[in-house]
Amino acid sequence: MIEVANRLKNVEEYYFSKKLREVAFLKSQGKPIINLGIGSPDLEPPIKATSVLQDSLADEGAHKYQSYQGLPELRDEIANFYKKRYKVNLSSQTEILPLLGSKEGIMHISMAFLNPGDEVLVPNPGYPTYAAVTKLIEASPVYYDLTEDTNWLPDFIALERLDLSKVKIMWISYPHMPTGAKATNKFYDEVIAFGKRHNILIVNDNPYSFILNDKPISIMRYRNAKDVCIELNSLSKTFNMAGWRVGMLVGNYDFVKAVLQVKSNMDSGMFYGVQKGAIEALKCSDLWFVSLNSVYQQRRELIWKLATDLNCTYDKDTSGMFVWAKLPPHLKSEEFTDLVLKEHSIFITPGTVFGSNGEGYIRFSLCASEELIEEAIARV
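Residue numbers (UniProt numbering): 1 to 380.
Because the hints were derived from the structure by calculation, they are not lab data. Built from N, CA and C at the ideal position, the CB exists for glycine as well. Where hints are given, some of them may not hold.
Unchecked claim - Result set (SDA-like, lysine to any residue): computed pairs, CA atoms no more than 25 Å apart in a straight line:
1) 342 x 316
2) 87 x 212
3) 186 x 100
4) 316 x 196
5) 9 x 141
6) 27 x 369
7) 226 x 144
8) 305 x 226
9) 84 x 293
10) 18 x 226
11) 18 x 32
12) 135 x 184
13) 166 x 140
14) 18 x 92
15) 19 x 355
16) 316 x 166
17) 342 x 76
18) 168 x 242
19) 326 x 118
20) 18 x 38
21) 48 x 19
22) 135 x 168
23) 196 x 213
24) 215 x 372
25) 83 x 168
26) 332 x 378
27) 64 x 355
28) 83 x 266
29) 166 x 212
30) 87 x 293
31) 135 x 149
32) 326 x 309
33) 186 x 242
34) 326 x 129
35) 84 x 242
36) 103 x 212
As the list claims (entries may be wrong) - The calculated label-pair distances, taken between Cβ atoms and stated as ranges, are:
37) 58 x 356: 48 to 58 Å
38) 57 x 93: 25 to 35 Å
39) 375 x 20: 13 to 23 Å
40) 160 x 261: 27 to 37 Å
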């Protein structure tokens, strides 16, 4: 028998990949499952984006291989977007790299900067892919605690006590997934200084900054950020384009060039029509964001009611497309969500998916219609 690579022995299939098969099976058996687990936007992308994509199919060269660096006009529009929305100046020629989704970027960055035996600071709780990719690269995740007591922000005093000699990368993501916590100006200054002191690349994963957030922030606006930071961003959540797979990496030339060395050996560029549609999405006016957040605000208020009916508590001062809720004492996350799925046919994500500090918490997605959320409330 041909054996798989050793690296696969250190990772499991992604939780949602497995769980959604179970949900699909229950649906096939006639169970009326309401999915409040996964953050896959159910709203439509900007009309102009889909229209331009369709029209572009007849353009000369539309179906050929595309540049590994993306269309120049896409990089220009990403630069314009960062200037307008984040007050950050970027060179479209040297400091921007379009990606086939920001999740792809996690792998590319890890391959560009990590060697076997290196260490990576990974948030607990946090996006599971950070640790999984670290293990696939044969580096080691070093989990740093995020807790409710510190508003889900790192304790830099505790971090300084660690042996950081092998740490090459630190993953951060604010607004935080899964908790929705927002970072402060002080935090960004501290994490940049921390990275400079210890020669650690700070990677800010920033896909949620425009969802229910009045003040979108990029780490790149802070002093000295380009010396030690790069940022991933995405059109998936901001423009309801998750399936389009459009992301971006921004940072200084040397960092971007290193990631391009990896990327150019792994894909053949983003489809032309998707790039043309992405350009139009990035041009959306303020009205787009107002309308989008109006929908999510109404949904969130209903989810708050559902969480209350399930005897959970939650923080209203959060951002992003999830509600992170605390269970009553002594209840276990997975046991609770399995019970809700069994008794009420409602799929909710257990907090333990995101790390041990997620025990005692559950995560609701806002990617379901008001009617479905109201139905979930009625069932409970």
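Do the hints match the structure? See the list:
A C-alpha spacing of about 28 Å is found between residue 342 and residue 316, which places the hinted pair above 25 Å, so the restraint is violated. Note on residue 87 and residue 212: the hinted pairing holds, with a Cα-Cα distance of about 19 Å set against a maximum of 25 Å. About 32 Å separates the Cα atoms of residue 186 and residue 100, which puts this hinted pair outside 25 Å; it is violated. Restraint check for residue 316 and residue 196: the C-alpha separation of about 34 Å exceeds 25 Å, so the hint is violated.
The straight-line distance between the Cα atoms of residue 9 and residue 141 is roughly 15 Å, inside the 25 Å bound, and the hint therefore holds. Distance check on the hinted pair: residue 27 and residue 369 sit about 18 Å apart at the alpha-carbon level, within 25 Å; holds. For the hint pairing residue 226 with residue 144, the CA-to-CA distance comes to about 23 Å; that is within 25 Å, so the pair holds. Between residue 305 and residue 226 the CA atoms are separated by roughly 42 Å; this puts the pair beyond 25 Å, and the hint is violated.
Pair hint residue 84 plus residue 293 holds up; C-alpha atoms about 19 Å apart against a cutoff of 25 Å. Between residue 18 and residue 226 the CA atoms are separated by roughly 38 Å; this puts the pair beyond 25 Å, and the hint is violated. Distance hint between residue 18 and residue 32 is fulfilled; the C-alpha atoms sit about 19 Å from each other, no more than 25 Å. At most 25 Å may separate the alpha-carbon atoms for a hinted pair to count; residue 135 and residue 184 exceed this at roughly 30 Å.
Under the criterion of a C-alpha separation no larger than 25 Å, the hint pairing residue 166 with residue 140 is consistent with the structure, at around 9 Å. The straight-line distance between the Cα atoms of residue 18 and residue 92 is roughly 39 Å, outside the 25 Å bound, and the hint therefore fails. Distance hint between residue 19 and residue 355 is fulfilled; the C-alpha atoms sit about 17 Å from each other, no more than 25 Å. Between residue 316 and residue 166 the CA atoms are separated by roughly 38 Å; this puts the pair beyond 25 Å, and the hint is violated.
Distance restraint check for residue 342 and residue 76: the Cα-Cα separation of roughly 50 Å exceeds the 25 Å cut-off, and the hinted pair is therefore not satisfied. Of the supplied pair hints, the one linking residue 168 and residue 242 is violated, its CA atoms being roughly 29 Å apart against a limit of 25 Å. For the hint pairing residue 326 with residue 118, the CA-to-CA distance comes to about 35 Å; that exceeds 25 Å, so the pair is violated. For the proposed pair residue 18 and residue 38, the alpha carbon gap of about 12 Å is at most 25 Å, so the pair holds.
For the hint linking residue 48 to residue 19, the alpha-carbon distance of about 35 Å lies beyond 25 Å, and the restraint is violated. For the hint pairing residue 135 with residue 168, the CA-to-CA distance comes to about 14 Å; that is within 25 Å, so the pair holds. Restraint check for residue 196 and residue 213: not satisfied, since their Cα atoms lie roughly 29 Å apart, outside the 25 Å limit. Distance check on the hinted pair: residue 215 and residue 372 sit about 29 Å apart at the alpha-carbon level, beyond 25 Å; violated.
As the CA atoms of residue 83 and residue 168 are separated by approximately 29 Å, the hinted pair breaks the 25 Å bound. With a CA separation close to 24 Å, the supplied pair residue 332 and residue 378 stays within the 25 Å bound. For the suggested pair residue 64 and residue 355, the alpha carbons sit about 42 Å apart, so the restraint of at most 25 Å is broken. A distance of roughly 30 Å separates the Cα atoms of residue 83 and residue 266; the hinted pair therefore is violated under the 25 Å criterion.
Proposed proximity of residue 166 and residue 212 is contradicted: the alpha carbons are some 37 Å apart, above 25 Å. For the hint pairing residue 87 with residue 293, the CA-to-CA distance comes to about 21 Å; that is within 25 Å, so the pair holds. A distance of roughly 29 Å separates the Cα atoms of residue 135 and residue 149; the hinted pair therefore is violated under the 25 Å criterion. A threshold of 25 Å between alpha carbons decides the hint, and for residue 326 with residue 309 the separation of about 13 Å falls inside it, so the pair holds.
Restraint check: the Cα-Cα separation between residue 186 and residue 242 comes to about 31 Å, which exceeds 25 Å; the hinted pair is violated. Among the hinted pairs, residue 326 with residue 129 is consistent with the structure: their alpha-carbon atoms are about 23 Å apart, no more than 25 Å. Under the criterion of a C-alpha separation no larger than 25 Å, the hint pairing residue 84 with residue 242 is consistent with the structure, at around 23 Å. Among the hinted pairs, residue 103 with residue 212 is consistent with the structure: their alpha-carbon atoms are about 22 Å apart, no more than 25 Å.
Against the hinted window of 48 to 58 Å, the Cβ-Cβ separation of residue 58 and residue 356 comes to about 53 Å, which satisfies the hint. A hinted range of 25 to 35 Å for the beta carbons of residue 57 and residue 93 is consistent with their spacing of about 28 Å. The beta-carbon spacing between residue 375 and residue 20, approximately 20 Å, falls within the hinted interval of 13 to 23 Å. A C-beta distance of roughly 33 Å is found between residue 160 and residue 261, which places it inside the suggested range of 27 to 37 Å.
The structure does not agree with the numbered hints 1, 3, 4, 8, 10, 12, 14, 16, 17, 18, 19, 21, 23, 24, 25, 27, 28, 29, 31 and 33 stated previously, though it agrees with the rest.
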